[in-house]
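Undergrad: Sequence:
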Amino acid sequence: MSRRERFVIHGLLILLVLGMLPNLVGLTTGEAIAAASRWVADLGPAESVTLVDPGGGDDVVLRNREGHAAWGDDAFHRAHAIAFVHISKVLNRLLQAEAMTDERDALREAAEEEDAGFRRRFEAFEREHADITPEDPQAEAVFNRYRELRNE
220 MSRRERFVIH GLLILLVLGM LPNLVGLTTG EAIAAASRWV ADLGPAESVT LVDPGGGDDV
280 VLRNREGHAA WGDDAFHRAH AIAFVHISKV LNRLLQAEAM TDERDALREA AEEEDAGFRR
340 RFEAFEREHA DITPEDPQAE AVFNRYRELR NE
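Each number in our numbering corresponds to the 1-based position in the sequence shown with 219 added.
In case anyone wonders, no lab produced these hints; they're calculated from the structure.
Idealized CB from N, CA, C, for every residue including glycine.
Incorrect hints may appear among the rest.
Computed Cβ-Cβ distance ranges for the label pairs, DEER-style [as the list claims (entries may be wrong)]:
id : residue 1 : residue 2 : range
1  : V271      : R364      : 52 to 60 Å
2  : A349      : G274      : 55 to 63 Å
3  : A349      : A316      : 28 to 36 Å
4  : E332      : H299      : 54 to 62 Å
5  : H305      : L240      : 55 to 63 Å
6  : V279      : G230      : 55 to 63 Å
7  : E285      : E367      : 29 to 37 Å
8  : V309      : G286      : 37 to 45 Å
9  : V309      : P264      : 34 to 42 Å
Using the sequences plus the hints, can you model the full thing?
TA: Listed below in structure tokens is the structure:
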């Protein structure tokens, strides 16, 4: 290690120690909050929590109304339960209910008809253009028509 390198390294170490010395001795330049007891008292209990809309819309104020989280004065603006639901279990039971049978069957029939129509058009397209190769001059137009048919 050359003399110049030692001079630079020792100089940087001295500056580092001098910079850390106030922290090591306990001298600080500003007030530091390390105890939670100082700011926990400011957090609660609270009468309400205001959720501010940064877009400038209406703010939402959450309050405790009769033991329920409320964001308004009428009964429809209260949450009587807060939970997570595995939606597929609930949705499957709803779809199996007799009240939904007619609607479900009508939707299934409409989807099957649409699918059958698409399959007929696709099979006709395949029969019509079965002999097209990538080298064929019409290939680009046929491929574009195929993409349009596929994106329908």
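Undergrad: Each hint should be assessed against the structure and marked as holding or not.
TA: Quick rundown of the hints versus the structure:
{"no.": "1", "hint": "V271 to R364: 52 to 60 Å", "result": "holds (54 Å)"}
{"no.": "2", "hint": "A349 to G274: 55 to 63 Å", "result": "holds (57 Å)"}
{"no.": "3", "hint": "A349 to A316: 28 to 36 Å", "result": "violated (47 Å)"}
{"no.": "4", "hint": "E332 to H299: 54 to 62 Å", "result": "violated (43 Å)"}
{"no.": "5", "hint": "H305 to L240: 55 to 63 Å", "result": "holds (59 Å)"}
{"no.": "6", "hint": "V279 to G230: 55 to 63 Å", "result": "holds (58 Å)"}
{"no.": "7", "hint": "E285 to E367: 29 to 37 Å", "result": "violated (60 Å)"}
{"no.": "8", "hint": "V309 to G286: 37 to 45 Å", "result": "violated (26 Å)"}
{"no.": "9", "hint": "V309 to P264: 34 to 42 Å", "result": "holds (35 Å)"}
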